[in-house]
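Enquirer: Sequence:
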Amino acid sequence: MKGGRGSGKASAGQVRLWGRHPVEAALKNPQRQHRKLWATREGIASLDGELPADFPVEYADPADLARLVAKDAPHQGLVLECAPLGDVFLDEVALGDPERPVVVLDQVTDPHNVGAILRSAAAFNAAAVVTQDRHAPPEGGVLAKAASGALESVPWVRVVNLARALEELAQAGYWRIGLAGEAECALADIMPTGPLAIVLGAEGEGLRHNIAAHCDALARLPISSAIESLNVSNAAAIALYAVATRG
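Residues are numbered in this note's numbering as their position in the sequence shown, beginning at 1, plus a constant of 1.
If you're looking for bench data, these hints aren't it; they were derived computationally from the structure. Cβ atoms here follow ideal geometry from the backbone N, Cα and C, with glycine treated the same way. It is possible that some hints are incorrect.
Claimed, not checked - Pairwise CB distance ranges, derived in the manner of DEER restraints:
| id | residue 1 | residue 2 | range |
| --- | --- | --- | --- |
| 1 | D49 | I228 | 35 to 41 Å |
| 2 | F90 | T246 | 26 to 32 Å |
| 3 | A64 | D98 | 44 to 50 Å |
| 4 | Y242 | G174 | 19 to 25 Å |
| 5 | G174 | A213 | 19 to 25 Å |
Just need the whole structure built from these sequences, with the hints factored in.
Expert: Written out as structure tokens, the structure is:
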């Protein structure tokens with residue numbers, strides 16, 4: 002483990018995760034193929050459950066683990082290298098369940114935001130998070146840490162064409178609402194009772210015109226004039242709460 006602080010990049014074809022919640026969730030996920038775990042003894046003791054007797058573990062000091070993760074990342078004594086998750090397809094998760102919304106992200110590229118949205122999606126029982134493959138962060142430690150384990154439980158659908166995915170959601174019975182600060186109607190005023198897809202754009206740019214055109218309606222969150230807009234992950238959490246509590 003020579004060298005300074007690392008980039009957090011894994012070996013070719015692998016994903017490197019760190020922190021207790023992401024590592025623990027990945028270890029419990031039967032869909033993951035694990036390659037190696039670097040850990041302190043305290044980190045191992047913090048895990049819920051015991052590792053198999055033959056699990057590849059290399060014990061290390063905290064300073065050594067810091068060289069395996071992104072700069073200043075809180076590894077909590079656990080760094081796991083494993084295979085990436087397999088592809089998930091929209092028709093596998095978009096089943097038109099009226100109680101489980103789908104979150105669609107238009108060019109949200111910050112891994113902290115996507116991870117936080119996955120965490121909110123898990124908290125409010127969303128069916129999936131959908132992103133365009135070319136305009137989304139890669140699966141990795143920063144995103145997984147922000148997701149706090151939700152990367153392993155919420156289906157993350159990566160599509161080639163986001164507009165086409167929205168069309169497929171409509172065909173599956175979803176009402177598509179795009180969040181936009183300039184919209185006339187508040188989200189609560191146009192909330193349907195059936196299956197719902199919440200569509201959010203990147204901070205600053207918002208929804209692209211073509212994506213907004215593929216929404217059935219645009220809505221705003223009723224925030225005060227004291228602030229111009231919300232962080233996209235905060236907006237997603239509020240929208241998901243509104244869906245979960247609709248009458």
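Enquirer: Against this structure, judge whether each hint is valid.
Expert: Hints versus structure:
Take D49 and I228: their Cβ atoms lie about 39 Å apart, and the range 35 to 41 Å holds. Remark: the range hint 26 to 32 Å for F90 to T246 is upheld by a beta-carbon distance near 30 Å. Between A64 and D98, the C-beta spacing of about 47 Å keeps the proposed range 44 to 50 Å intact. The hinted range of 19 to 25 Å is satisfied by Y242 and G174, whose Cβ atoms lie roughly 23 Å apart.
At roughly 21 Å, the beta carbons of G174 and A213 sit within the given window of 19 to 25 Å.
Consistency note: the structure conflicts with none of the earlier hints.
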